[in-house]
Amino acid sequence: MAKVLTLNQALKALLFMIAAVLILLFGSQFADQLTRDPNATVYIRWLGVAVAVGVTVPWILLIVWAVSAGDEYVRQVALVGTSFAFLADVLVHIGFNAALDARLIGWNTQLLPIPLALGLWVLGVSIAALYFRYRP
Amino acid sequence: VKNRLKVLRAERNWSQQELGMRVGVSRQAINAVETGKFDPSLPLAMKLARVFDTTVEAVFELEPGD
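Chains as they are written, first to last, in the numbering used here: chain A, 1 to 136; chain B, 1 to 66.
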């Protein structure tokens, strides 16, 4: 059988994606509450850190599943796209920090690391897919 | 790497989708191999040769620059 998604698998993926969004959204807020509480103990703040990291796991699982469910062509596109996204993420962070140091942007401006990483991953994979499709 | 996938497929009147189903990959993967944009792995090349009941060398051929 070709490695294509059945409707059942697509529905499960959609539900899992919605759950991942909700976990990320509410989990991040909960982690903020734990880490920013001035009265919180060290253990509570570490728990906040663990929650902040843990809420990204469903997204990572979703990406791993999406890549592993594909055939070798899909995996090559995903690998190239992920490499591109990693480099772009590093460059954006370097550029952001340089702009902060140069006082070109406000000192209290923050990068949103998770939305940025997800956006760059989608962009990277899209560019890789277009490259493999249209290269001469 | 040059290949004769399109010819072999046409001889059997198979679509890219059908060939993909037979060897377990997507239509996009077959299209990418057929147009020379993606070199298949050895297992996929062997599967392709097997479904056409021929050898890998009869399906794929190295080009001078490869």
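Hints may contain errors.
[Stated by the list, open to error] Ranges between beta-carbon positions, derived for each pair: (1) B:D39 / A:P113: 29 to 37 Å; (2) B:A58 / A:L22: 30 to 38 Å; (3) A:R133 / B:E11: 24 to 32 Å; (4) A:G54 / B:E63: 47 to 55 Å; (5) A:I60 / B:D39: 26 to 34 Å.
[Claimed, not checked] Lysine to aspartate or glutamate pairs mimicking DMTMM-like chemistry, simulated, CA-CA at most 20 Å apart: (6) B:K47 / A:D32; (7) B:K37 / A:E72; (8) B:K47 / B:E57.
If you are wondering where the hints come from, they were derived from the structure by calculation, not from laboratory data.
Backbone N, C-alpha and C define an ideal beta-carbon position, used for all residues, glycine too.
For each hint, the structure was consulted:
1. In this structure, D39 (chain B) and P113 (chain A) meet the distance hint of 29 to 37 Å, their C-beta atoms being roughly 36 Å apart.
2. The hinted window of 30 to 38 Å between A58 (chain B) and L22 (chain A) is violated, with their beta carbons roughly 54 Å apart.
3. The beta-carbon spacing between R133 (chain A) and E11 (chain B), approximately 26 Å, falls within the hinted interval of 24 to 32 Å.
4. Between G54 (chain A) and E63 (chain B) the beta carbons are some 50 Å apart, a value that agrees with the proposed interval 47 to 55 Å.
5. Judged by the Cβ atoms, the range 26 to 34 Å given for I60 (chain A) and D39 (chain B) holds: they are separated by roughly 29 Å.
6. This hinted pair does not check out: K47 (chain B) and D32 (chain A) have alpha carbons roughly 52 Å apart, beyond 20 Å.
7. Pair hint K37 (chain B) plus E72 (chain A) holds up; C-alpha atoms about 13 Å apart against a cutoff of 20 Å.
8. Proximity of K47 (chain B) to E57 (chain B) is assessed by CA-CA distance (about 13 Å); at most 20 Å being required, the pair is judged to hold.
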